[in-house]
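Undergrad: Line order of the protein sequences matches chains A and B. With this note's numbering, letter number 347 in the first sequence gets 347, and the count goes up by one each step, no holes. With this note's numbering, letter number 248 in the second sequence gets 248, and the count goes up by one each step, no holes.
Hints are computed from structural coordinates only; laboratory data are not their basis. No experiment lies behind these values; they were computed from the predicted model shown. Yeah, the Cβ is synthetic: ideal placement off N, Cα and C, and Gly gets one too. Take the hints with a grain of salt, since some may be wrong.
[What the hints assert, rightly or not] For lysine-lysine, the following DSSO-like pairs were computed, each having C-alpha atoms within a straight-line distance of at most 30 Å:
| id | chain 1 | residue 1 | chain 2 | residue 2 |
| --- | --- | --- | --- | --- |
| 1 | A | Lys-496 | B | Lys-66 |
| 2 | A | Lys-258 | B | Lys-36 |
| 3 | B | Lys-30 | A | Lys-496 |
| 4 | A | Lys-147 | B | Lys-133 |
| 5 | A | Lys-320 | A | Lys-271 |
| 6 | A | Lys-415 | A | Lys-40 |
| 7 | B | Lys-66 | A | Lys-494 |
| 8 | B | Lys-66 | B | Lys-36 |
| 9 | B | Lys-99 | B | Lys-15 |
| 10 | B | Lys-36 | A | Lys-496 |
| 11 | A | Lys-258 | B | Lys-133 |
| 12 | A | Lys-271 | B | Lys-400 |
| 13 | B | Lys-317 | A | Lys-494 |
| 14 | B | Lys-124 | A | Lys-258 |
| 15 | B | Lys-124 | A | Lys-271 |
| 16 | B | Lys-36 | B | Lys-84 |
| 17 | A | Lys-496 | B | Lys-15 |
| 18 | A | Lys-141 | A | Lys-4 |
| 19 | B | Lys-133 | B | Lys-317 |
| 20 | A | Lys-141 | B | Lys-124 |
| 21 | A | Lys-141 | B | Lys-400 |
| 22 | A | Lys-494 | B | Lys-36 |
| 23 | B | Lys-15 | A | Lys-258 |
| 24 | B | Lys-150 | A | Lys-258 |
| 25 | A | Lys-147 | B | Lys-66 |
| 26 | B | Lys-275 | B | Lys-317 |
| 27 | B | Lys-317 | A | Lys-258 |
| 28 | A | Lys-494 | B | Lys-51 |
| 29 | A | Lys-320 | A | Lys-242 |
[What the hints assert, rightly or not] Away from chain B, derived, C-beta distances all over 10 Å, residues of chain A:
| id | residue |
| --- | --- |
| 30 | Met-15 |
| 31 | Pro-27 |
| 32 | Gly-74 |
| 33 | Pro-114 |
| 34 | Gly-167 |
| 35 | Pro-260 |
| 36 | Asp-261 |
| 37 | Leu-342 |
| 38 | Asp-398 |
| 39 | Cys-416 |
| 40 | Glu-451 |
Chain by chain, the residues:
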Amino acid sequence: MNKKYEMVKNAAGRMVPTEVNGKAQVPYQGVNGYRPVGHKAAPPIASCSDYPMDGNKVVGSIKEALQLAGLKDGMTISSHHHFRNGDLVMNQVFDAAEEIGAKGLMWFPSAAFPCHEPMIRHLESGLIHHIEGSLNGPLGKYASEGKMDGLAVLRSHGGRWQSIQDGEVHIDIAVLAAPTADSIGNATGDRGPSACGLLGFGLADSMYADKVIVVTDNLVPFPCYPWQIQGQNVDYVVVLDKVGEPEKIVSGTTELTKSPDRLYIAELTAKFVKAAGIMKEGFSFQAGAGGTALAFAIYLKEMMIETGVKARFVRGGSTKYLVEMLEEGLTDYILDGQTFDLDGVRSMRENEGHVNTSPFTSYNWHGKGNFASLLDVVVLGATEVDVNFNANVVTHSDGQMLHGIGGWQNCLFSKCTILPIPAFRDRIPVIVDEVTTLVGPGELIDVIITERGIAINPLRSDLIEATRDSGLPIRTIQELKAEIDDLIGGSPQKPKLTDQPIGVVKWVDGTVMDTIFKIENLK
Amino acid sequence: MSKMFQSGPLGTIIKSDCQVFYKPGSEPLKIEIESKVDALFSNAIRDLVEKTLASLGIESGSFEIKDFGALPFVMMAQIETVVKRAHPEIAIEVLPEFKTHAQYGTSFGRFRRSRLYLPGNQPKLFLNAGIHKPDCIILDLEDSVPPGEKDAARYIVRNALRTLDFFGAERMVRINQGELGMEDLEAIIPHNVHTILLPKAETAGQVIAMEAKVQSILHEKGLDKKVYYMPILESALGVLNAHAIAMASKNNVGLAMGLEDYTADIGTQRTLEGKESFFARSMLVNAARAAGIQPIDTVFSDVSNEEALRESVRVTKSMGFDGMGCIHPRQIRPIHEEFAPSAAEISRAQTIIMAADEAESRGLGVVAVGSKMIDPPVVKRAQRTIRMAIETGLVAENWKEATAE
Numbered sequence: 001m002n003k004k005y006e007m008v009k010n011a012a013g014r015m016v017p018t019e020v021n022g023k024a025q026v027p028y029q030g031v032n033g034y035r036p037v038g039h040k041a042a043p044p045i046a047s048c049s050d051y052p053m054d055g056n057k058v059v060g061s062i063k064e065a066l067q068l069a070g071l072k073d074g075m076t077i078s079s080h081h082h083f084r085n086g087d088l089v090m091n092q093v094f095d096a097a098e099e100i101g102a103k104g105l106m107w108f109p110s111a112a113f114p115c116h117e118p119m120i121r122h123l124e125s126g127l128i129h130h131i132e133g134s135l136n137g138p139l140g141k142y143a144s145e146g147k148m149d150g151l152a153v154l155r156s157h158g159g160r161w162q163s164i165q166d167g168e169v170h171i172d173i174a175v176l177a178a179p180t181a182d183s184i185g186n187a188t189g190d191r192g193p194s195a196c197g198l199l200g201f202g203l204a205d206s207m208y209a210d211k212v213i214v215v216t217d218n219l220v221p222f223p224c225y226p227w228q229i230q231g232q233n234v235d236y237v238v239v240l241d242k243v244g245e246p247e248k249i250v251s252g253t254t255e256l257t258k259s260p261d262r263l264y265i266a267e268l269t270a271k272f273v274k275a276a277g278i279m280k281e282g283f284s285f286q287a288g289a290g291g292t293a294l295a296f297a298i299y300l301k302e303m304m305i306e307t308g309v310k311a312r313f314v315r316g317g318s319t320k321y322l323v324e325m326l327e328e329g330l331t332d333y334i335l336d337g338q339t340f341d342l343d344g345v346r347s348m349r350e351n352e353g354h355v356n357t358s359p360f361t362s363y364n365w366h367g368k369g370n371f372a373s374l375l376d377v378v379v380l381g382a383t384e385v386d387v388n389f390n391a392n393v394v395t396h397s398d399g400q401m402l403h404g405i406g407g408w409q410n411c412l413f414s415k416c417t418i419l420p421i422p423a424f425r426d427r428i429p430v431i432v433d434e435v436t437t438l439v440g441p442g443e444l445i446d447v448i449i450t451e452r453g454i455a456i457n458p459l460r461s462d463l464i465e466a467t468r469d470s471g472l473p474i475r476t477i478q479e480l481k482a483e484i485d486d487l488i489g490g491s492p493q494k495p496k497l498t499d500q501p502i503g504v505v506k507w508v509d510g511t512v513m514d515t516i517f518k519i520e521n522l523k
Numbered sequence: 001m002s003k004m005f006q007s008g009p010l011g012t013i014i015k016s017d018c019q020v021f022y023k024p025g026s027e028p029l030k031i032e033i034e035s036k037v038d039a040l041f042s043n044a045i046r047d048l049v050e051k052t053l054a055s056l057g058i059e060s061g062s063f064e065i066k067d068f069g070a071l072p073f074v075m076m077a078q079i080e081t082v083v084k085r086a087h088p089e090i091a092i093e094v095l096p097e098f099k100t101h102a103q104y105g106t107s108f109g110r111f112r113r114s115r116l117y118l119p120g121n122q123p124k125l126f127l128n129a130g131i132h133k134p135d136c137i138i139l140d141l142e143d144s145v146p147p148g149e150k151d152a153a154r155y156i157v158r159n160a161l162r163t164l165d166f167f168g169a170e171r172m173v174r175i176n177q178g179e180l181g182m183e184d185l186e187a188i189i190p191h192n193v194h195t196i197l198l199p200k201a202e203t204a205g206q207v208i209a210m211e212a213k214v215q216s217i218l219h220e221k222g223l224d225k226k227v228y229y230m231p232i233l234e235s236a237l238g239v240l241n242a243h244a245i246a247m248a249s250k251n252n253v254g255l256a257m258g259l260e261d262y263t264a265d266i267g268t269q270r271t272l273e274g275k276e277s278f279f280a281r282s283m284l285v286n287a288a289r290a291a292g293i294q295p296i297d298t299v300f301s302d303v304s305n306e307e308a309l310r311e312s313v314r315v316t317k318s319m320g321f322d323g324m325g326c327i328h329p330r331q332i333r334p335i336h337e338e339f340a341p342s343a344a345e346i347s348r349a350q351t352i353i354m355a356a357d358e359a360e361s362r363g364l365g366v367v368a369v370g371s372k373m374i375d376p377p378v379v380k381r382a383q384r385t386i387r388m389a390i391e392t393g394l395v396a397e398n399w400k401e402a403t404a405e
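Kindly produce the complete structure, drawing on both the sequences and the hints.
TA: And the structure:
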């Protein structure tokens, strides 16, 4: 496991491996520095005559579908994470692969959750060689401990699409859980007993995988309309009793905060957006999951009502708070990338203005433009920022790998990126001299908002000017850092890291932005 | 086998605090530290523990520290607590640096609309209390602190007074009743306490005794500063003696109502309507006004019901009170908003102030608005109304210039 990696220094001054999981890598070359050439990847040519003329692609079991799809050692199996912690399919898929006797597989989920803890057994047995995807919960811990063969590769939602389109990741078999489908493979997430909203994270998989298996618990007569996944990309359909537990798609990150400090930060953020002149008729915003971001949306909504301002569109993760804004006429559209709660699922089904989007429309480096860069303001979280406004979302200051990137990196391209974050957690300060892991370059991060004041990136003299007389507590990031360090009893020491990489952070263009090293004396 | 002593909160879900276990003995000092923030602060924590023990003169025995992200001032207090639990004879105090931002002052007549209660043994609630901008913060040593934690709370509060920035809020401490309260004064008075809340005040004598104690501490420490008092009336006797209590010290800034104990004392229970406390509250308002100090109402305890809180503030304000207590930061803004003057009140106050300015500039002794004579207390009241309106952002600082144009 203690593999030696050849390391090079990238454009951000970070040491990164030249090869990851057997593939040569391009080091990060700056925010817009990398433009690969050539043609996009493509799935094998199919002939319709090889498929049932009656459109019935239903097979008896997951195991049978995997066998028909030609599962072999070393293949890559992909999946989406729209059920979040309520997924009932993927553990069964790898149990079936075990029965078939496969080895050395790569799992390529858009994200893994605590419900996927059984995969640890498959990692230990060698059935799964490694996982590339956002790792949450026990799998994140397992990878942090350096126990996984190969490196964890952390990509943004857009980066996952990029890696599929430019051939960096080749999917052999995609397994797409679908709350409703027909026998030819048309599928949707907005209906059925396990409705989860949309299936956008599985869209690239359906288009680029060699073989595509749709797994549903609600088979309807043709046509399943409207569809989100097209049956013409699907090889096999499997019917199970239950594919997911929709009540578990609501995770802790989608509950509103009760902390008075975080509510204060959220309110300060909304006031900033108003004072900076961003909140005006026809504007747009995105507030991610996480209690503070949700509270921000609520405060902003109050201000919009007071001021009589409407948004043209908001981007989700949709929640009931965004749905209320849509239904009260405060926005024309929700452009939704993933539904975070059951109100979002309902709204997606019922409201014409609640639009099903994917990382292709919003985040993809290889797309010809993206929704993310059209946003007037985006509000995101972070575990750390440094005095140069660089930010980290994947590791904590003590080096532990914590979170996936989600759409975070992709959202940084909005016209104004704000990170509302508590000044310290326990004793750990949020503003540091240098981030433990670089995930977002400071030139794309405009404003840091803590309960002890607001710091605006000096590059954004327009925002500094616009809010000069706002009465908001605007300070330099150095002033904020000094106040917080004084409170916590001085800057913390550096965590002791080994020279053993356990993962890499990709930039949105597929280049390697930073390396996550194993920490010493891990408990 | 020597006895094990312990300080710090019990249980496993602990935030911004620590547990200290101490077994006195003759063997060389042994210190074991386990911290949630070990990777970032292990050196700083060990250094702090060693220095604190050295200051207390502890050179032997074994210590075990379980840290959950305690800030240094908290950890110092918990170590001092455990050491003094084992060795009550030790009189040394281990004081953190007295920060400049902890040394601002207050004034007799400042607004005291909201006073945020913070249980003295829960430092995690102190850290950001000031950012919610209550008029006053109350570091409580009395009812919110369990009997077994009185010593720890005293050291935590003392250290907090030297360390934390409460961003301009008046720094109040509610001491315990009786002898314990006198000991509390010894610990906290030297550390820029602005105002002492005296619980269960029933006689003028209690205020006089407290003031004498405070004066002797200030004298002993060579401190030349003023400490204010706010007696809390929580019994039938206290209510009946309200005026005498209010007049007992020229440093009294207000009288506060404590209704939980009062209603029990008169043999009834608190209701939302509050008929049972009408007499006491009205008595308190009159006594305080007669003494020229602020009448302050009790707390509203249903934290999640903002509408009911607002209604209760409206009643409180209409009875003549200048402020009330709060037990959660989210109560502060509704209280300030409800105490804020109405548009009609502001407009009337502005008219009166302009008339007074006019009278002064023309050297007239009498202020008149239209055909009505205005008495000096009304002018003073109007000035206060405008000051509050400016502070709550309802009126611009330079409103006179704006009006003149």
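Undergrad: Please go over all the hints and tell whether each is borne out by the structure.
TA: Evaluation of the provided hints:
no.	hint	in the structure
1	A:Lys-496 - B:Lys-66	holds (21 Å)
2	A:Lys-258 - B:Lys-36	holds (23 Å)
3	B:Lys-30 - A:Lys-496	holds (24 Å)
4	A:Lys-147 - B:Lys-133	violated (49 Å)
5	A:Lys-320 - A:Lys-271	holds (22 Å)
6	A:Lys-415 - A:Lys-40	holds (29 Å)
7	B:Lys-66 - A:Lys-494	holds (21 Å)
8	B:Lys-66 - B:Lys-36	holds (8 Å)
9	B:Lys-99 - B:Lys-15	holds (24 Å)
10	B:Lys-36 - A:Lys-496	holds (15 Å)
11	A:Lys-258 - B:Lys-133	holds (18 Å)
12	A:Lys-271 - B:Lys-400	holds (28 Å)
13	B:Lys-317 - A:Lys-494	violated (54 Å)
14	B:Lys-124 - A:Lys-258	holds (15 Å)
15	B:Lys-124 - A:Lys-271	holds (27 Å)
16	B:Lys-36 - B:Lys-84	holds (26 Å)
17	A:Lys-496 - B:Lys-15	holds (24 Å)
18	A:Lys-141 - A:Lys-4	holds (22 Å)
19	B:Lys-133 - B:Lys-317	holds (20 Å)
20	A:Lys-141 - B:Lys-124	holds (28 Å)
21	A:Lys-141 - B:Lys-400	violated (64 Å)
22	A:Lys-494 - B:Lys-36	holds (15 Å)
23	B:Lys-15 - A:Lys-258	holds (16 Å)
24	B:Lys-150 - A:Lys-258	holds (29 Å)
25	A:Lys-147 - B:Lys-66	holds (28 Å)
26	B:Lys-275 - B:Lys-317	holds (16 Å)
27	B:Lys-317 - A:Lys-258	holds (28 Å)
28	A:Lys-494 - B:Lys-51	holds (22 Å)
29	A:Lys-320 - A:Lys-242	holds (25 Å)
30	Met-15	holds (20 Å)
31	Pro-27	holds (28 Å)
32	Gly-74	holds (37 Å)
33	Pro-114	holds (20 Å)
34	Gly-167	holds (39 Å)
35	Pro-260	violated (4 Å)
36	Asp-261	violated (5 Å)
37	Leu-342	holds (24 Å)
38	Asp-398	violated (4 Å)
39	Cys-416	holds (24 Å)
40	Glu-451	violated (5 Å)
In terms of the numbered hints stated before, the structure departs from hints 4, 13, 21, 35, 36, 38 and 40, listed from lowest to highest.
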